[in-house]
Every structure is written in C-alpha cells, then in structure tokens.
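Visitor: Protein chains in written order, with the working numbering: chain A, 3 to 354; chain B, 3 to 354; chain C, 3 to 354; chain D, 3 to 354.
Incorrect hints may have been included.
One copy or two, it doesn't matter: identical chains are merged, so the pair holds either way.
Below, computed lysine-lysine pairings styled on DSS-like, alpha-carbon distance capped at 30 angstroms [stated by the list, open to error]:
no.	residue 1	residue 2
1	Lys106	Lys58
2	Lys227	Lys66
3	Lys172	Lys194
4	Lys214	Lys194
5	Lys58	Lys167
6	Lys167	Lys194
7	Lys269	Lys66
8	Lys227	Lys263
9	Lys263	Lys141
10	Lys227	Lys58
11	Lys58	Lys194
12	Lys113	Lys276
13	Lys87	Lys172
14	Lys276	Lys30
15	Lys276	Lys58
16	Lys5	Lys109
17	Lys263	Lys113
18	Lys5	Lys194
19	Lys214	Lys276
20	Lys276	Lys66
21	Lys30	Lys109
22	Lys172	Lys66
23	Lys87	Lys269
Hints in this document: simulated from the structure, not taken from any laboratory.
4 protein chains.
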Amino acid sequence: MIKVGIVGGTGYTGVELLRLLAQHPEVKLTAITSRTEAGMPVVEMFPSLRGRVDLKFTTPDEAKLNECDAVFFATPHGVAMAQAKELLANNVKVLDLAADFRLKDVKEFSKWYGMEHGCPEILAEAVYGLPEINREAIKKARVVGLAGCYPTSVQLGLAPLLSPKSTGGKHLIDGTHIISDSKSGTSGAGRKAEIGTLLSEASDNFKAYSVKGHRHLPEIEQGLKAIAGHEQIGLTFVPHLTPMIRGIHSTLYVRLADAGKDVDYQKLYETFYKDEPFVDVMPAGSHPETRSVRGSNGIRIAIHRPGGGDTLVILVVEDNLVKGASGQGVQCLNLMFGLPETTGLTQIAVSP
Amino acid sequence: MIKVGIVGGTGYTGVELLRLLAQHPEVKLTAITSRTEAGMPVVEMFPSLRGRVDLKFTTPDEAKLNECDAVFFATPHGVAMAQAKELLANNVKVLDLAADFRLKDVKEFSKWYGMEHGCPEILAEAVYGLPEINREAIKKARVVGLAGCYPTSVQLGLAPLLSPKSTGGKHLIDGTHIISDSKSGTSGAGRKAEIGTLLSEASDNFKAYSVKGHRHLPEIEQGLKAIAGHEQIGLTFVPHLTPMIRGIHSTLYVRLADAGKDVDYQKLYETFYKDEPFVDVMPAGSHPETRSVRGSNGIRIAIHRPGGGDTLVILVVEDNLVKGASGQGVQCLNLMFGLPETTGLTQIAVSP
Amino acid sequence: MIKVGIVGGTGYTGVELLRLLAQHPEVKLTAITSRTEAGMPVVEMFPSLRGRVDLKFTTPDEAKLNECDAVFFATPHGVAMAQAKELLANNVKVLDLAADFRLKDVKEFSKWYGMEHGCPEILAEAVYGLPEINREAIKKARVVGLAGCYPTSVQLGLAPLLSPKSTGGKHLIDGTHIISDSKSGTSGAGRKAEIGTLLSEASDNFKAYSVKGHRHLPEIEQGLKAIAGHEQIGLTFVPHLTPMIRGIHSTLYVRLADAGKDVDYQKLYETFYKDEPFVDVMPAGSHPETRSVRGSNGIRIAIHRPGGGDTLVILVVEDNLVKGASGQGVQCLNLMFGLPETTGLTQIAVSP
Amino acid sequence: MIKVGIVGGTGYTGVELLRLLAQHPEVKLTAITSRTEAGMPVVEMFPSLRGRVDLKFTTPDEAKLNECDAVFFATPHGVAMAQAKELLANNVKVLDLAADFRLKDVKEFSKWYGMEHGCPEILAEAVYGLPEINREAIKKARVVGLAGCYPTSVQLGLAPLLSPKSTGGKHLIDGTHIISDSKSGTSGAGRKAEIGTLLSEASDNFKAYSVKGHRHLPEIEQGLKAIAGHEQIGLTFVPHLTPMIRGIHSTLYVRLADAGKDVDYQKLYETFYKDEPFVDVMPAGSHPETRSVRGSNGIRIAIHRPGGGDTLVILVVEDNLVKGASGQGVQCLNLMFGLPETTGLTQIAVSP
C-alpha cells in the first residue's frame, strides 16, 4: 500500500482527493492536515465521508508527512514550494494541485501570482501533470505540478491539432489566434467564504470574469507551445462562471490554415486519443454535456466544422474537481508508483 | 456471475441501475429493453455510460429475459405484473421498482393506481423490498416489490419508534397523528416530458403537491403498521418539489406518548441501526444534508427534541434514485443471491 | 415627497428597498449609508440599479439622516436601537428591518440575540410591523419593528384560525402543538461571505437548520399569542434551506379541536382576508408556488384538510425579501404617511 | 387606450407579455387566445397574475381580434403569416414574436424553418423589430417581425463596430470571421414538454447545441449585413444551454482590421448608444451579469481588448424574455403608436 498524506484538506480538491483515495485499492491515507481545523474529525466537516474516512485533521507536525510515500498539496499556491524540499529529502513524492510547479518561468510566476518563487531548483525538475501529454516524464517524476482545471480542458482539446505526432509537423491551424471560451461551475472558485459565489449571487446568473487576464492563460500558452514544439501560439481566454457546482465546458475556436483544410478532424482526434482511458472522442455531431463526466475522471471531446468553413469548433467537458484536479492527481500518482493508470478511477459519472 | 436484465431502461431508475450494475463485480448485464428505443445503443441516450456499457436497447422479445437470473422492472406500474408470471415460471427472480407489488390490498392498489391488479396470486407471495425491515424475507423471495422513495425515508425514519424490537411493545408515540413533511428533487418525477418539471418551471421555486393524497401514503401506512405490529397508525403526508435533481429530505414530526417521555432517542436509534451498513444515525444535533448521500446508497438520520418538549423531529435524507430506488434494488438483489449486502454499493457520495 | 434614508444598504434587504423605493412615486431617496463602502456609487455594487439610482454610499454623518422624514434600518440587530432615539428626537420615523423592535420582552431579546437591549423605552412604544394584523397601530407609529420573514408567513397563515375576529372566540385548533415546517431560499441568510450558502454548498442540496431553536420562534409565538388573545400557544418551528434565491414556503400543520371540526376553512380564510390587497387566498385544492410571488409583495395561502381528517395543512408562500422584509417595510411606510397602502408596490411577480 | 390582443398566450413570451402589458398605462388587454385552453382563466395557468389579469383564454373566433388596435403573436412560426393578412385588412397592427417576418429571403426561411412562406407580400413590407437599429421604420410599420433573442444580443453587441454611422465607413474589424459564443437560460426553449430541458437534465449541467447551424444564424447574418451596409459578414454562432431560467450572455470575438487598431472602443460604444434608454454601455473592465437585467428591458454591454491585442471581446447580457422578446415587442408597440418608447417598460431588474 502506498502511504499518502494530504496537506490542506479542507477545500474542494481536498475532499475530492479523500473521496477518490478512500476508494483506491492501493492507497492508505495516513494523514490530512489543516492548521485551523486540527483535531476535528474529517467527517464533521464532510459528512459525505461518514463511515469511510476516520482520520482527523492534524497539524503538519503531527502528520509525519516525511514518512509518507507521497504527499498531495491541496493548498493555495505558495505552500507546496515551501515544503517540497524537505519531503523530497525524505524520499516523499510531491503532487501539487496548486500552481507552484506549473509555470516554468519564475518571472511569469511572479507576475501572475504576486510572489517570488520559493524554490526554483525544484521547479526545474518538476514535471507538468497532464498524463495524456507527459506520461513518461510523470512516471519518473519526484515532483508533479498538476495541470490546472481550465488548462486541462484547453490543452487536451487542442493537442491533436498542434502535436507533431498528429500533424506530422504541418501547421493545420492559425495557432496565433486561438479562442477558448470556457465555462466553469462554482466549485472551481474553491471552498472559500466569498460573496461572489454565494448561491444568492451566482445562481440563476451567468457572467464572464477576468477577461483582462486569468492566471491560467500563461499556463495554457506554455503548455500549447510545448505540445506544438514552436512558439507561434496566441490565445484569447475568457472564463465564465456558470450556475452549477461541478464541470468545465470549453468551447474552442480555431481558424484552419491552408494546410489544414482537407483534414478529417474526427479521425485525427480519434487516432490521437485511441489508447487513452480517460479521453473520449465523441461521435461527429455530438454535444458533450458536463454532467456526463460529473464525479468521474473522464474528459469528452467533440469536433465541429460548422458549414464546412474554415473555423473549427471543439467542445470539451470535464469535471473540474476530478480530471481538472484530484482525479488527475490520482492518475499521476498511479503513474509515479507503477500502478495501472485507471486504478481507483473507475467511478461512472453520476447522471442525472 | 448473475445474469441480469432490465425492462424499461430509459428512465432515471433505469440509468441508475445501469450505473450501479456496471460497477457490480458479480453481475453480468445481459439485456435492457425499450420498445420505443430498440436498436439504439444505451450510450446514445446516456453518454455518461460511454465506455462502460455496450448494450443496445432491445425489444422484450429479443432480450431473452427468461434466460436471466434476475430481471428488474424500471417501468411504470402495470408492466411488471403482466410479465412476472412467465419469468417466475422460468426461475427468473423479479425485482419491481414500480408499485405493482407494494400494496398488499388489491382494492387499495386499484383505488390509488386506477387499474385492476393483474396477478393477485404473485402479489400474495411478493416481499416488500426494504431490507432493513424485511431482510430475511427478501433473502428467500422470488418477487420483490421495492419500497418507494418517500416510503423508504419515512419508514426507516420511524421504525425505531414503532418496532416492538425497539420499543419493547410500548407505545412511545401517538402513532395516529404522524406528520411527514417530505421534499424531493425533480428526478423523483421521472424522465418524462412534462411542463411542471422543466427547469424553467421548477428551478428557483418551491411548492407542495398532492396534498390531497399521494400514492405513497397507503404504502407508508401499510409499512408502518407492519413495523409496529398494530393498526393505530395515521399519517399526514405532504410531499414537496425542491429545485434540485436528486435527494429526499423527510422531516418527521411525532408527539410523544406518556410512555415515551423519558426515552433517550439518540440511543434508541443508534441501537436499532447499529449493524446496518447503509443507515447512519448522525450525532445528536445534526442536520443531515441530501448532498451527503448524493449518488450513494446511504440514508442518514438525525433526531431532535426541540426545547425538550413532547414533539420529536426526525430528519432523514437519502438519494431517491439510489437508496430510494435502484440502489435498494441492488441491495435486495445481493440478498436474494446470497452476496454480501454491500456488494457493488460502496460508492461514496459526490459532494460538493 | 417623503424624504427617506437607508442605513446599511449593502445587504439584500437594502438593495431590495432601493429597487422598490426607486419606483415609488411619493418617495425621494436622500441617503444610503455604509461605513465600509462610503464613497462608492451604489450601482457599482448593484449594477441592476444602473440608470435608476445615482446615490453613493455615505457615512452616517454625511447622510444627514436627521433631515429625513423616515429612515429604514437594513442592518444587523443592534444598530437601530442605538440610533433610533436621536432620529425620533428629530421627528424622523424609524422602520427597522432587523430584530431590535420585534420582541417585547427584553429578556427574551437578550436570550436569543445575545446582547442587552439598548433602549427599552423606545421598544415599549414600537409597533410590530405586520399590517394585516396591526394596521391601525402602524398608522400612528413613530417606530416600527418590521415582522421577520418566516414570522410573516406563519402568522398570516394562522391568523384566521386564531383571531377572535374570525373564530368568534372559539378554540378551533389545538394551539399548543402547531407545527411550522418552513423552507427558505438562501437570500434569507443575507449578503454575507459564508461557506454554508455558497452555490457549491447549498445548490442541489436540501437541509434543515437550527432545529434546536431559531430566533424567529419567540417572535412567532409572541405574535400568535397577540393574535389569539391568549397564551396557550406552542410551536415547533423547523426552518430549512432550499436551493433557490428568493422565497419562503411555510407548510403549517394544526390539529382541529372539537369546536373546529365543522368549520368551512376555505370560507373562513377568504372572509378574513377579503379586503387585503396583498393576501391571496387561493382556490381550494391549490398548491401555491414561491415563484408566483417572486419580486412582488404578495402572499398566497391555500388550505387543505387531507382525507377530511382532523389535521389542517396550510400552505403559505411569500418573497422573503419583499413581503418578508423590504416590501412590508414600504407597506408600513405608506401607512405611516397616509398613502394608499399599495403605493409603489404594484410589481407583478417575475415568473418564470 | 390601445386595444391589444395576444394570440397564443400559453408560452413564456405570452405570459411575459401579460406581465408587461398588465402594467402598461396605455394598453387595454382585450383578448388572449389559446385553442387548447379556451375557457380557462389565465390565472389558473399563471398564478403569478392573480389579481392583475382577469381574462380567460378564448378561441381565436371569440377573441374578435379584428377589433383590436394591435395583435401580438406569441406562437410558433407559421401562425402569424396565416392570420396577418386579415388583421391588416382590418387596420390591426401585427407584431410577431416568432420568425415569420424576420428573414427577408423566403428561400432562406424555407431552408431553416422547413415550410413555405405563406405570405411573401406581407413579408415584403414587414419591418424588423430591433428599435435601436430600425426605429424610424418601426414607427411607420403595420407589421413587425420582432428580432430573436440571440440576434438582439449579437446585433446590438456588434452594431457600433459595423455601422457606418459609427465607423465612418471604415472596416474596423474582419467581419468575415466573427464569433458569437452565446449562452441562454432554458426559458429560451419555450414552455414545452420536453425531456432535454427538464430540471433533472438541464440543471447542474452545461452544453452547446445546434453547433451545426441554428435558425438564428441567418437572421443575425442578415441583420449584420444590413447594419454594415455590405455583404462581407461571416459568423460562427455557437449557442449553449445554461442552467438558469432567464438570461442570455453573448461573448463576441472579433479580430481588428488595420483600420481598427487605434480606435477607442469604449468611447465608440458610448457614443453610439448615448441616447438609447435600454442600452447600457458599462464602464471599461466590467463583466455584466445576466441577473442585472432579469425581468427588465435593459441590455448591458462591456468591451474588452485583452492584453491590448488585436482581438476584441464584447460581453452582452439581456433578459431573453424581455429585451429578447416581449419587452422588445412592447417597445415596438410604443413606437408604432407614438408613445414614449419606455412606457410600461420601467421595471427594475429583480436582483438577487
């Protein structure tokens, strides 16, 4: 059994990790920390886990994280970078659900997150946690910076159009003017006391936010450049808040380049993802629904070319807390410990 | 492996059976019927099952239900009673999610369901499918009429107050004036094209319905009388439609009789349910939330005695599609085939 | 024009007052205070008012409230009692939307609100703001403590059963065991940064709360005793949180006394409320929906006697922010200034 | 008083017309027709109107529509075209909320609506009902084909970029590759018994639909060409279903042409709409929310240019049932009868 600890378990990615790991046949949860709630049984905060998780929140000291095999950080940015060094020194693998190990450029990190990066040397070895793109590197990684929720949907939605494996190196699309119109449920904002995501505010309502620039923009651009193997990538990314709990729907718009006008995109996507257990390329003409992946680690993609024109529309759905966060974390954990990638991740979506 | 067929798989209890049975280690789904959709892959209607269920809907004839070990009816009332006889003759066990085998009195059935009962002789042997009350009988049953969604919450919420096992035969409460104020999500109304449960109608809205008399009233009264072992039971049952998909919350009000004034009800409930894998008596003072059982087979109960007065308030939550329908069906299936009762039912609630 | 100021305008009752008063033909809004937001245009916080309200939030000092004709307190309890004296000394009428002037017994106030009452002498002259019960007193009042949201629904739902005007002094019901199972949208919890009412927590969910004892319990009991003219009143009050923004639905259960068994309750209610502009006794058999009063000052009531038995079920709906708060405030304002009671309150519910 | 009749009053645009017209000071509602519900009081179907509308649904014959001054068609397409001729012959003005008089090209109509157009000669004189674009023509019109819900948001969102009045004839943007990512609440699908818009299906869910081609696409393209005064317009239009009742949010993406790179777009929009009573150009950096116009006839627009690049993002919100349908109908009615344009349309949005 892999001994796993969770730092910062009182948020939504924390409780989702608990839900997944409590059902994982090869994992033993040994500790979950929360400075503010130390001593409280986890089930007091999360009654959905009654009968299934008997841990209490503990202080980081009591948690003996150094004795774990792996530690997840389900914390705000800034925490994992402060603790990773010691854990690694103790041969504990680190998986960060926040942004500490995503952006490779520490200046970009500082610009978007408003703080100096605390451990550039670990950042240098950290692997970006998006298995469908980065599988082999993750297998060998000691530190994984898990892909963000929006970035997962956008990158997997675009990879077949950009990856040389798929395109043979041709520029099928104008990569400099990609549009991602993304919509998220409110759980993406976290379990934080804020007025803007009260039911009274966010229900029966729809709005865009952070149009000026969202922290996931540099992460997505970095990822797309890595996938494409070139720098000619430009993205307009507009996130929206949708009155639902879970789910991300990214509607992606790309303009075809001349080299891309005669391609069968349905086939391109099906081929690219044919061996992926969690990526489902839906039949041509489909409209994936976020509920079809609610509570599961799946991501579903549909490709449209309206009117046969030169604009491609790609629809992508995922559960932001599973494939967009904790499920992806477990997927990486499986890879890092040599387990079958789907271990503990076979939940079927709860629908309706 | 138990070979299982489903009749009428296009409704919510049908798709929920599919979700549960596709994850059940001892079940092989062999057929799912739908006259109207015969030939359509199940996943076309229910994309949440893509990659997990590869059946097509078939006509009842093609389904070869007689070769199954067990058949679920996820149909409107009237269907199971027409087909049960032949199935039983072929040694197929029958589990009906509708009302055909719930009410023991055929006159009551006719009164509330507006049709003659088609097979009183099978009704006579049918067992009421509420395992916490009826476990031994279910184990031996050939035909099970699964308890309704509201009735499950009300009966399990009241059983410790009425069952002689628990009360020692004393009348702790005035059983003639029980009040059940019950609230259900809209999935309880089924997957039917109706105006009243459109999102535009039912969202951001709350209402009671069927106050004059709901079909679950006679079922609950029959059940409570059976539990109590006497006939002095009278119930005011008011169901309400809540703007959510899944979940039932029953708020039960009973007035204590003299013999019931000095009882420790927290302890009474904990004792009564101490060995039940799916019933969770929450700590004193709790307010169970429907989401804490969303997608799981659990039922959570809390007992209150406001101001120490003579009115007891019992709060009960369940997922109407799981413990209130399909999960309970699988629980009974397990019992009928000698499997551990929790087989295939270990999903943790999806929350948030 | 009546010059009106609002203290504490950043909550939901504040913005609802603004919506109603901005459409009121006899009111001139002169000031709205908020210590924390002083200087900010109101429409920056509440864009729904753009083009209709051009005030800025001001400090109480700048607001010159002493020059108003009337001041509303849309504040937490404790604020109105601290400022009422000076306002009254300047001939300013006071309407408090919080609890400072509701409970007549200062000990009860202290018990439920955890603080000493700051001005018992003003409390003594304060009038309870429930026009259908207290109209004449409100007309002459200098200080009105507006009825709470739940209490409005429960009292108006029960008044015809208790008021000697209606009963002729007979005890139609057992007043000592009334049950109010009440459901509220989340706006009743106010515009406060709290985890429990986040969309991620409260949506697709249902729960009871404060079963042990809610602050509205003593207010309702005091009100019912005043209506009945006797002290034999006992209430079990269980509030629930419903996943919607606005609306209260109270389901009331009373047991008929012998003297009440032959009464035509439909007629009793219709007679009692026949001249009330905002109370709608619906046809027998109706199930009022909260959306039917969304955004309006109406309250709708339906009376049921299931199975002709001795339990009466009364269904009551209101918009908690209008008839349950700000609309009732405007209704009282109209009375206090000799205007037709419906002035500025003729909005039709927004439905769907 | 203007005598107004409504044909087909049982849908959402019908009940919304009733809400608005019942509060309109210059309108007398004389008839509302429904073949299926003839004889039923309107308030039985729409209790929100109790006490405010005392009409019954009548058959078209009983309705004496020929004696009206104006008749609204709140019907599916195909109805208005069949009845308009006779009404016009009787000097009755016609306002159609459906699509009969929107598309000028009868072949396009046939292609998208699957039927022959029944009265091309009336179509020829019909005026497109979008007052901010077409005000003078509407004033003189006998027949108005009211703009669709999505088309209103897209056209008003783009008009300042395309209209020669605003651009001086310059091509500020690449009009051939406009993207409209639009989101609608479920009321846009109408009050029809359908599975796809049940709360159980559409709640806590998000999806695109009709990506292949939506009926509003040709309407929008026709409108944009008319506004621009040229034919180089191409649109990718992707509608989405959002789990809310009312509201449309269109996120528009356009690429700036060279001539458009130095324009102050905030100022351009503010200038273009400076005299419009219902169009609100929000401050730079704003994110309009659909709830800020819920129940009102307003439309709010914000302009963004992320990173100062060459992609412009325009955010537009409206209430699909008001500015997107019935409110716009009343606005046109006011123009056609020489009333101030805002008469009866001064409702403030209900928010929260």
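Visitor: Run every hint past the structure and note whether it holds.
Guide: Here's how the hints hold up against the structure:
no.	hint	in the structure
1	Lys106 / Lys58	neither (35 angstroms within a copy, 45 angstroms between copies)
2	Lys227 / Lys66	neither (39 angstroms within a copy, 55 angstroms between copies)
3	Lys172 / Lys194	neither (45 angstroms within a copy, 48 angstroms between copies)
4	Lys214 / Lys194	both (23 angstroms within a copy, 27 angstroms between copies)
5	Lys58 / Lys167	neither (47 angstroms within a copy, 35 angstroms between copies)
6	Lys167 / Lys194	neither (41 angstroms within a copy, 46 angstroms between copies)
7	Lys269 / Lys66	neither (50 angstroms within a copy, 37 angstroms between copies)
8	Lys227 / Lys263	both (22 angstroms within a copy, 26 angstroms between copies)
9	Lys263 / Lys141	neither (37 angstroms within a copy, 47 angstroms between copies)
10	Lys227 / Lys58	neither (43 angstroms within a copy, 42 angstroms between copies)
11	Lys58 / Lys194	both (21 angstroms within a copy, 29 angstroms between copies)
12	Lys113 / Lys276	neither (38 angstroms within a copy, 38 angstroms between copies)
13	Lys87 / Lys172	neither (41 angstroms within a copy, 59 angstroms between copies)
14	Lys276 / Lys30	between (32 angstroms within a copy, 26 angstroms between copies)
15	Lys276 / Lys58	between (42 angstroms within a copy, 22 angstroms between copies)
16	Lys5 / Lys109	neither (35 angstroms within a copy, 56 angstroms between copies)
17	Lys263 / Lys113	between (38 angstroms within a copy, 26 angstroms between copies)
18	Lys5 / Lys194	within (29 angstroms within a copy, 40 angstroms between copies)
19	Lys214 / Lys276	between (37 angstroms within a copy, 25 angstroms between copies)
20	Lys276 / Lys66	neither (42 angstroms within a copy, 34 angstroms between copies)
21	Lys30 / Lys109	neither (38 angstroms within a copy, 54 angstroms between copies)
22	Lys172 / Lys66	neither (51 angstroms within a copy, 53 angstroms between copies)
23	Lys87 / Lys269	neither (45 angstroms within a copy, 50 angstroms between copies)
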